[in-house]
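Participant: With chain A held as given, fit chain B onto it using these hints.
Below, each chain spelled out in residue letters.
There are 2 protein chains.
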Amino acid sequence: MAKQQKPRRPKAQPPKGFRDYFGAEVTRRKAMLDAIAHVYHLYGFEALESSAVETVEALGKFLPDVDRPNEGVFAWQEDDSDWVALRYDLTAPLARVYAENRQTLPTPYRRYAMGPVWRNEKPGPGRFRQFYQCDADTVGAASVAADAEICAMLSDVLETVGIARGDYVVRINNRKVLNGALEVAGLAGDDKVAARGIVLRAIDKLDRLGADGVRALLGAGRKDDSGDFTDGAGLSDDQADTIMAFMGAGRETGAETLAALRDVVGDSTVGAEGVAELDQIASLLDAQGYGPDRIIIDPSVVRGLGYYTGPVYEAELTFEITDEKGRPRQFGSVAGGGRYDDLVTRFTGQAVPATGVSIGVDRLLAALAAKGRVADDIQGPVVVTVMDRDRMADYQAIVADLRKAGIRAEVYLGNPKNFGNQLKYADKRGSPAAIIQGSDEAARGVVQVKDLVLGAKLAEEASVEEWKENPSQSEVAIADLVPFLRKLLA
Amino acid sequence: MAKQQKPRRPKAQPPKGFRDYFGAEVTRRKAMLDAIAHVYHLYGFEALESSAVETVEALGKFLPDVDRPNEGVFAWQEDDSDWVALRYDLTAPLARVYAENRQTLPTPYRRYAMGPVWRNEKPGPGRFRQFYQCDADTVGAASVAADAEICAMLSDVLETVGIARGDYVVRINNRKVLNGALEVAGLAGDDKVAARGIVLRAIDKLDRLGADGVRALLGAGRKDDSGDFTDGAGLSDDQADTIMAFMGAGRETGAETLAALRDVVGDSTVGAEGVAELDQIASLLDAQGYGPDRIIIDPSVVRGLGYYTGPVYEAELTFEITDEKGRPRQFGSVAGGGRYDDLVTRFTGQAVPATGVSIGVDRLLAALAAKGRVADDIQGPVVVTVMDRDRMADYQAIVADLRKAGIRAEVYLGNPKNFGNQLKYADKRGSPAAIIQGSDEAARGVVQVKDLVLGAKLAEEASVEEWKENPSQSEVAIADLVPFLRKLLA
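If you're matching them up, the sequences are chains A and B in order.
The C-terminal residue of the first sequence carries number 493 in this note's numbering, and the numbering is unbroken.
The C-terminal residue of the second sequence carries number 493 in this note's numbering, and the numbering is unbroken.
Hints were generated in silico from the structure; no laboratory data involved.
Some hints here could point you the wrong way.
If several chains are the same, the list does not tell them apart, and a pair holds so long as it fits within one copy or across any two.
What the hints assert, rightly or not - Straight-line alpha carbon distances no greater than 20 angstroms define the calculated EDC-like cross-link-like pairs of lysine to aspartate or glutamate that follow:
| id | residue 1 | residue 2 |
| --- | --- | --- |
| 1 | Lys-19 | Glu-81 |
| 2 | Lys-125 | Asp-85 |
| 3 | Lys-19 | Asp-85 |
| 4 | Lys-208 | Asp-228 |
| 5 | Lys-19 | Glu-103 |
| 6 | Lys-14 | Asp-92 |
| 7 | Lys-19 | Glu-60 |
| 8 | Lys-14 | Glu-103 |
| 9 | Lys-19 | Glu-124 |
So that you can see chain A by itself, here it is in the shape it has in the complex (with noise of 0.2 angstroms):
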């Protein structure tokens, strides 16, 4: 028997995976944001907010997890008809936004974009199924230069919000010279699909997995130190030390891995292709400056969507941090992105070149707040107290006037009965400072004024003596109280 259910309060909380960002998290975040779309801007790129809302036909299936791509949106159906889905980036929308529009918008299109994306995936520690991405685009440009360009401009981003060069790499690479790698091993057929797959996402574990576990998992398989198997591409020992070869290219010069690289892919067309974009990209980027301290070719990048068709990319921040273990480990990659020639296809059946990058910010600001280079948190506002509930108007006339003078102010709102309340309130808000009017002082024209900030000072470390003199409290004529607080808060 069913027991009967008695009404119940519902739960003041968020959907599992979802949080809440707060003040300070607020204002930094779109401190970021603003200062990326400044250098977005200058390279020319134009602002596009597209809907959060897509058709899920417009989506296509093109989410990073390969292994499950029917999976990972919020998807729900129309009343009346189509299944819609909540964004899960912002390249998907463009291709949609520029095949309905690419009469009307200029070609090439560049274009920047910052938002919410949401993924339907099993929420963990710090991974969220709701976060922020800041893209840039450059849609109908065939040429290499565009890539180059992004690669450059991603660059100027990490440096505008604060990583220091010598702090970062951006790393190029090229999908054909992985494809021409591929043709070489013997493993360009249409009927290799799957091997590919298995190939491409060994390499994209070099990191975690280091050489010996790639070629494990090129090879027969690997086990991992909790026992279990995962199966291998199964390729010979030559096929596999070509695809090593190819992800060890790297050497000390730019110039001496595309040496390495044109070895790798011998008489491959494709390959040979990918290596002439690299050293186009490389030389582009010598010519403005930006030498290997920022930007390097590096074999071993593969990027894991499987839509990318030349020049990927991905900007690493080198520093370490302490991991939750109290490990040092490097903190890792902030931004990502490549060339996708076929994703407005799609739309359109025309081929439309198109390359561009995702900055993940809540990643990028979680670096920044690693090395202590976030903002101290941001003062509050200056709390004018009430003594006499009677003259509200007149300590709502006091802010006013401050608010005019462009102080941040407020009064108490709260019940103003305990005026000790009125103090924590105030400390609470972060407040520096507090000013406090009886009947008394309203009489002379005069306001007191706490410094809350050189009183939590002398809270720590003042003698009786000191405490006495009481010199964190002023007293200030109402005509110069502007003044007196502008040369407090400087």
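Facilitator: Leaving out everything else, chain B in the frame of chain A:
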């Protein structure tokens, strides 16, 4: 027999009722949001960005469309359990966030929030299912000083974004006064909920139907121009007179209006309380200099939402625009809000007073556009054209220098074969200038600068002689390019 369907290309369009925003549309809205946030911040409000997705139980059923309380949201069921939905406003999420974090948040909690909200409504012309709101609320302040503050802030916001004083008015009323009038009219009891609902909706239609139309809806009902009949509340003449007297209590001055309202509510305790609150709000605003040229007491304001419990307010733009049929009409409401003391109680069981305003940012932008008060179109980048495909690195170096000097610039990245297309592109981008450098110019260390703004002017006005002089094109030494362009762009 089912026909075999051909595989087809996805349609390149957003779901019905959704749209995209391009370039200046995005940056203008951003500029407005920044300006509003600045005022909110100055008043002591803190940013909050809650998740876009909420559990359906947390959202509750408070949609503005009281006739369809179960509809209007985009909702779906999570794999394992809960129904979740996209937020339909920013108030319901605030109530959830405050209930969840009430131990750690300061009280009163002043917060502002801005972002898209979603309504699952029938789309129509100019009516979209995703739009921006920009809210400020004070939670935990029982004093009507909090309501007065928000009305003052709303007035400041409108003037800050470019609505001149005299072109708007903030109207204030109080649900308690309405409840007093309903009590006097004998409509107070629990058994009169339906009648009260009809009365509320009738008053809300005053703008559209006029006093006679409302009166008909209070009584037997109303036949509209198309012959359709709407049932009325079935009030007696005396009852209807009381409601009409309430609505029509607006007088020349606030004091006279308050006196008229006192007459209407007679012996009703709640009514008298409401009038006293309005009186207090008026005094507080008066003390800060917000007179009836900005904020007035207007008994015809009721606001549709069922959850308001005290003061309600809205901002109306009073200038005329021309509607789609060429007739002049007032622009109307762009913001509204009020006191809702019960929303947090749903979660906690404890009474938590709250009040706040929501600004319809898209409507406000439309109003500014209608008044011709939006910034001119944003200037496009300087476009460096490609004369010699092989010298792409040189062109990239030129734009790199311009960007370093803070000048928005880009190299043309389309197919450079047809030079006319490059200039057409620059026109389409709204570029102020195009840079041209062939091998001859390169050898001499100069570029040609085409002033596209002047060029467009000449194309319309110039004589043959003026054309021949070609004053819109100048040869400039590379070393002088930055100062030359700075002057041209100024």
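Participant: Are any of the numbered hints broken by this structure? If so, which, sorted upward?
Facilitator: Violated hints: none; all satisfied.
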